[in-house]
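Peer 1: Model the full assembly from the supplied sequences, consistent with the hints where possible.
Note that the protein sequences, when read in sequence, are chains B and C. Note that numbering that gives the first Met the number 0 has the first sequence beginning at 0, numbered continuously upward. Note that numbering that gives the first Met the number 0 has the second sequence beginning at 0, numbered continuously upward.
Simulated from the structure, these hints should not be mistaken for lab results. A hint or two may mislead.
[Stated by the list, open to error] DEER-style ranges, computed between Cβ atoms:
{"id": "1", "chain 1": "B", "residue 1": "A91", "chain 2": "C", "residue 2": "V201", "range": "36 to 42 Å"}
{"id": "2", "chain 1": "C", "residue 1": "V198", "chain 2": "B", "residue 2": "C87", "range": "31 to 37 Å"}
{"id": "3", "chain 1": "B", "residue 1": "K65", "chain 2": "C", "residue 2": "K61", "range": "35 to 41 Å"}
{"id": "4", "chain 1": "C", "residue 1": "R93", "chain 2": "B", "residue 2": "F90", "range": "23 to 29 Å"}
{"id": "5", "chain 1": "C", "residue 1": "L113", "chain 2": "B", "residue 2": "C80", "range": "28 to 34 Å"}
[To be verified] Residues from chain C shown here face chain B by an in silico Cβ test under 7 Å; the list is partial:
{"id": "6", "residue": "G19"}
{"id": "7", "residue": "L32"}
{"id": "8", "residue": "S33"}
{"id": "9", "residue": "G39"}
{"id": "10", "residue": "F43"}
{"id": "11", "residue": "L75"}
{"id": "12", "residue": "S78"}
{"id": "13", "residue": "L79"}
{"id": "14", "residue": "M237"}
These numbers were taken from a predicted model, which means no experiment stands behind them. Positions of the beta carbon are idealized from the N, C-alpha and C atoms, including for glycine.
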Amino acid sequence: MHTVGAVHDDSKAQYLWVWAVLLLLTAVEVALAYNQVFQPVQMLEALMVLSVIKSVLIIGWFMHLKYEIAAMKWVMMVAVCACLCLMCVFFADAARILQLGVR
Amino acid sequence: MADVAVSHGVAGEFEPSLFGTYSKKIGMWLFLLSDSLTFGALLFAYSYGRISNPDWPTPFHKESITNATIMTGCLLSSSLTMVLAVLAARRGDRSWTRNWILFTMLFGSGFIVLHAMEWSHLIAEGMTPFKNPWAATVPQFGGTFFTLTGMHMLHVTIGVIYLGVVALRKKFLPIILAIWAIVFFMTPADNVFHTGVHVLLVGFVVAAMILFLKPKDYDAHDVEISGLYWHFVDLVWMFIFPLVYLMSTRVQG
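Peer 2: Okay, structure coming up:
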């Protein structure tokens, strides 16, 4: 195998730290949910914030996007986030259904 | 191979990549973006149904949550071993590249087995894609659950086969067949594994076509790209786990 020119410092230690933080965040999520610390809406918000933090760690470090050039980071992430956020437009309709009294 | 910007004195040839990296990696990233929209659509559809239905069941008791947490640990650990495989490939260590990929496959297979067992328990309790025993007015609970987790499990299975091809190449083909045969002939006909294992047959055919029609030595680039796919599979689970499992816990008073 030919070696790929590394443009950043690849230390195993930082990946072990990221892995440990991911496990810790998972434990926090499970503790929050299992003990039903929050009401459903706040629970969802808390879990989503934790999931986004975990995503940043996985995409940035494990998938190495942190070490790519700015153009790649911005184009990839803005594109997918924009498309995902566009899906949110339907949530207002979901909440409205509850007011319609449909059985 | 235009892995780096090379000038051959002819305008337009081998122009530097817009994203500053090799084409295969950009191709995989673009595929992952499209796949994330697929999962995003499924998760949004699930969330829409959940929000608009106040009677959504919450059946996941302690054993289910414990199982799902172990599955999450398996996937996170598999991401770590995959990163270590990529590092080994970069420094040219073929043995440890293969070994770390095999560890990744082991964790991935553990995830699949645990998840299929979870499915078996839920099916035994009476859950199908069209009905569930906890809320008769919410028939879509089963459909959304099996679709979301089934789609993800399929991606994990494809990922394990993909990694096996990269790590072992043609030596992996008899291994896939052996696993298929063992699972198919040693599980009862109504078992989830008995039906689901046929995915391995499809994987065997596709892998054989690739390995015989386009034989090549998979290099560090290929390991890195397979790693991107694997981390994506882990990333999707980071959203499915809280939205499907943690938001539906049944905690006994």
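Peer 1: Each hint: holds or not?
Peer 2: Structure-based check of each hint:
1. In this structure the hint that A91/B and V201/C lie 36 to 42 Å apart at CB holds, the actual value being about 41 Å.
2. The given range of 31 to 37 Å is respected by V198/C and C87/B, whose C-beta atoms sit roughly 33 Å from each other.
3. In this structure, K65/B and K61/C meet the distance hint of 35 to 41 Å, their C-beta atoms being roughly 37 Å apart.
4. Between R93/C and F90/B the beta carbon distance is about 50 Å. The supplied range of 23 to 29 Å is therefore violated.
5. The supplied range of 28 to 34 Å is met by L113/C and C80/B, whose beta-carbon atoms lie about 31 Å from each other.
6. Look at G19/C: its Cβ gets to within about 4 Å of chain B, closer than 7 Å, so that hint holds up.
7. A distance limit of 7 Å between C-beta atoms decides the matter here; for L32/C the minimum to chain B is near 5 Å, and the interface restraint holds.
8. Hint status for S33/C relative to chain B: violated, with the closest Cβ pair at about 9 Å, above 7 Å.
9. Taking 7 Å as the C-beta cut-off, the interface hint given for G39/C holds, the closest approach to chain B being about 5 Å.
10. Taken as an interface hint, F43/C checks out: its beta carbon lies about 4 Å from the nearest beta carbon of chain B, inside 7 Å.
11. Interface restraint check for L75/C: the shortest CB-CB distance to chain B comes to about 5 Å, inside 7 Å, so the restraint holds.
12. For the restraint placing S78/C at the interface with chain B, the shortest Cβ-Cβ distance is roughly 5 Å, inside the 7 Å limit, so the hint holds.
13. The closest approach between the C-beta of L79/C and any C-beta of chain B is roughly 4 Å, which is under the 7 Å cut-off, so the hint is satisfied.
14. With a least beta-carbon distance of about 5 Å to chain B, the hint placing M237/C at the interface is held under the 7 Å criterion.
Hints 4, 8 from the list above are not met by this structure, while the remaining hints are.
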